[in-house]
Amino acid sequence: MTSEELPGEELFLDRFPDEAQVVRASLWSAFVALGIGALAGIVQALHRVGYVRFIDSADYYTVLTLHGVLLVISFTIFFLVGLFTWAVTRSLDRPVENIRFTWAWYLTMVAGTVLAGVAILGGFVDSIPISADVLFTFYAPLQAHPLFYAGLAVFIIGTWLAGFDWFRSWWIWRSENDGRIPLQTFMVLTSMLMWYIATIGVAISVVFFLLPWSLGIIDQVNPLLTRTLFWYFGHPVVYFWLMPAYLLWYTVLPSISGGRLFSDPLARVVFVLFLILSTPVGIHHQYLDPGIAEGFKFIAMTNTMFLLLPSLLTAFTVVASMEHGARQRGGEGYLSWLGALPWRDPAFTGMALAGLMFAAGGFSGMVNAGMNINYLIHNTLWVPGHFHLTVGTAVALTFMAATYWLLPQLTRRRLYSRTIGLFQVVMWFVGMVLMSNAMHRAGLVGIPRRTAEPQYDGFAFDAGLSSVAELDAQVAIGGTLLFVSVVLFLGNLIISLLEDPMEGTVDRSLPPALSGPEDSPEVLDNLSLWVAIALLLVLLAYSLPIGAIVADGGLFGPGTESYPVVLSWLEVVT
Amino acid sequence: MNVHTYEKIWLVASLFLIVGFIATVVYGAAGAGIAMVDASGGTVDSTSLSENERFGEPGVERVGDGEYEVTVVARQFMYQPDPIRVPADSRVTFYVTSADVIHGFQVVGTNVNTMVIPGQVAKITVDFDEPAEYGIICNEYCGQGHHDMEGKLVVVPEDEYGGDDA
Ligand code: HEM
Ligand SMILES: [Cu+2]
Ligand SMILES: [Cu+2]
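Those sequence lines, one after another, are chains A and B. If you're matching positions, the first sequence starts at 27 in my numbering and goes up one per residue. If you're matching positions, the second sequence starts at 6 in my numbering and goes up one per residue.
It is possible that part of the hints are untrue.
[As the list claims (entries may be wrong)] To spell it out: a stretch of chain A is covered by chain B in this simulated footprint if at least three of its residues, at any positions, have a beta carbon under 8 Å from a beta carbon of chain B; those stretches are: (1) 325 to 336; (2) 404 to 414; (3) 568 to 582.
[Stated by the list, open to error] Which chain B residues stay away from chain A? Per the calculated CB distances, all over 10 Å, these: (4) Leu22; (5) Glu58; (6) Gly64; (7) Arg67; (8) Asp94; (9) Arg96; (10) Thr98; (11) Asp105; (12) Thr130; (13) Glu135; (14) Pro136; (15) Glu145; (16) Val161; (17) Gly167.
[Unchecked claim] Computed from the model, here is a short list of chain A residues facing chain B with C-beta under 7 Å: (18) Tyr165; (19) Arg476; (20) Glu587.
Hints listed in this document are in silico derivations from the structure and should not be mistaken for laboratory results. These numbers come from a predicted model, not from an experiment. A virtual CB, placed ideally from N, CA and C, is assigned to each residue, including glycine.
Required output: the full structure, derived from the provided sequences and hints.
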């Protein structure tokens, strides 16, 4: 798809210039977060293993908060809103209703990020009484500056408004058109419905408890309650990161592979399953929490296991669509069709490698989900090992690869160097194989996550046949490769933008699925029905546990104090 | 809705896998008797632990033949008592709570691992058959000295065990 001469759709940028601007702004916001986050990442990797410790270990947690918040909140969600705006606009083929409203939600999200970011960065400067060294999970009674909670709330409100924007486009489209919801719009709408349900938890936690508490309006909170509300949101947010990647795998990857999506109905089924099942599972992050009865944990586990289904179905559809593409390109044989895929295209290779890593991440996720094995790995380095495969690669690498594909239609620029692009995605893959594999193994021998110096005085970890030094080396090398890969990605993009614009059109049309929406029952598009079922499941999974937590410990806790992170440290040293 | 044959096979296989996973955990919980941390430890006011009957005096207590209870308080950035000494060939029940923020309590190299949440009491029962020495680490970020938070668990041979609160 390099030739500018190809007849194709009008470029997105020409057809929807205002929207393209918002999409570009969102993606750039995402990439700024990615760049800073990656810098924090390499600092952590080298600090933990003890190779390079140029920051104080106490500041490690400020860096880690920055890494977590910037990468899994800012990077992922800014990319998501950009991609979803693109997807809704192009699949409905209509501009947004009011571009100023669109800018308003984008700026709201930026404002939220800046507020929270200032609070976090304040943690580096001792003379400023602002800090938010609470990591991205902000478990009370560790307390952040009110700016942090306020920023988070503002950011989420921005995403709610964005969702409204897309729904509004669809409502108006519906009044003028018949037929099924176009697939990409369907994916956006189901993802947003899931997001509305999921964010209720964190909104309640922040607005009713944490923010008033950090402002001194209430004295204490119930740490188990705010933690449970966090995880009510914390699991579905994982799917919120994945949804845009799935959207790309279902609707863009087949076309990059040279084929068509295998089944549109199945894609819809998958998104409906995510909408229904993503939320009533959050307690699986709390298998080791006292104060939650085993039965509730068990229900969460059962739901979680069923949540594997949509991902397993996706694996099937994606591979089947790629095979179809390969055969269209002349591929043959049982497995040799793989060779016919466009491996020289960084967009393809990046997404394919991301998908492969997701399969590996799925396996380690199944281990996490098992209530009993979880005891072995909970809060060990195994867990970051797992999610650097999922959000850190399946999502992040797919986003980077998709950017290569989106670039011409959003900027009228051709990618400066496909070779660097290809090198970059492969480098990410290799770096992640090293880092993630070592993290998984380190977790199995008990090395904890979220720890500046996982080297202890009283004992040493026993890495069995290998050695902790070998694991450390892998983390350090892997982390460095990942960082360099991000630098190459950003550099390649920036140079592309400095090049002259291209002429003509680029074929970025997305062919219809082999089995189209007409093959699927209408009920799949009945969004209210799915929302009702989702809410019902949430009620079933959460009303009893939350009721019990409040009954046992009270809304504001059985008695705890507040620990603004900076102050507590001063008390310790003096 | 027309679903491809391979797709159906895949779907059925996926469902089997899922049910299989659930079954193994059910077996673990019911059959093999692997106990989970649950709500049975109750709640406690973490601002007045010193007045609490159990947590006022963290330590080891013999409660029956080969049965011990260990009361542990986690706080920024240490465990009390430290080290914890128990005899081999014993069944030990830990009661762990926090005096301040959320901590972890992980006996390295075993699956004794729990969150320690202020206001909540984590209760876990473990059998220690052989003498051994284990590190205990806090695996939840609890403040800027988190990485210094460690403890020790010593399982001493039965005949060397001097008694409670050692
Ligand atoms: C340059 C690439 C990266 C490197 C070198 C890196 C390295 C690390 C390391 C070493 C940790 C463990 C820190 C600890 O537990 O003490 C970590 C945690 C984490 N990483 Fe990354 N990472 C990278 C990219 C990413 C990406 C792309 C994402 C997600 C999109 C991500 C998300 C996270 C999250 C959520 C945590 C956990 C934070 C917490 O425990 O609060 N990382 N990373
Ligand atoms: Cu989860
Ligand atoms: Cu700690």
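Hint by hint, here is what the structure shows:
1. 325 to 336: holds (count 6)
2. 404 to 414: holds (count 3)
3. 568 to 582: As far as the segment 568 to 582 of chain A goes, the hint holds, because 3 residues have Cβ atoms under 8 Å from chain B.
4. Leu22: Nearest chain A Cβ is 7 Å from B:Leu22, so the label is violated.
5. Glu58: The claim holds: B:Glu58 sits with its nearest Cβ about 15 Å from chain A, beyond 10 Å.
6. Gly64: Its Cβ never comes within 10 Å of chain A, the nearest being 19 Å, so this holds.
7. Arg67: B:Arg67 is indeed farther than 10 Å from all Cβ atoms of chain A, at 24 Å.
8. Asp94: Non-interface label stands for B:Asp94: nearest chain A Cβ at 22 Å, farther than 10 Å.
9. Arg96: Holds, since 18 Å exceeds 10 Å.
10. Thr98: It holds; B:Thr98 is separated from chain A by about 13 Å at its closest Cβ, greater than 10 Å.
11. Asp105: 6 Å, violated
12. Thr130: Answer for B:Thr130: holds, closest chain A Cβ roughly 13 Å.
13. Glu135: 15 Å, holds
14. Pro136: Nearest chain A Cβ is 15 Å from B:Pro136, so the label holds.
15. Glu145: 6 Å, violated
16. Val161: 16 Å, holds
17. Gly167: Given that every Cβ of chain A is farther than 10 Å from that of B:Gly167, nearest at about 20 Å, it holds.
18. Tyr165: 5 Å, holds
19. Arg476: At 4 Å from the nearest chain B Cβ, A:Arg476 passes the 7 Å test, so the hint holds.
20. Glu587: 6 Å, holds
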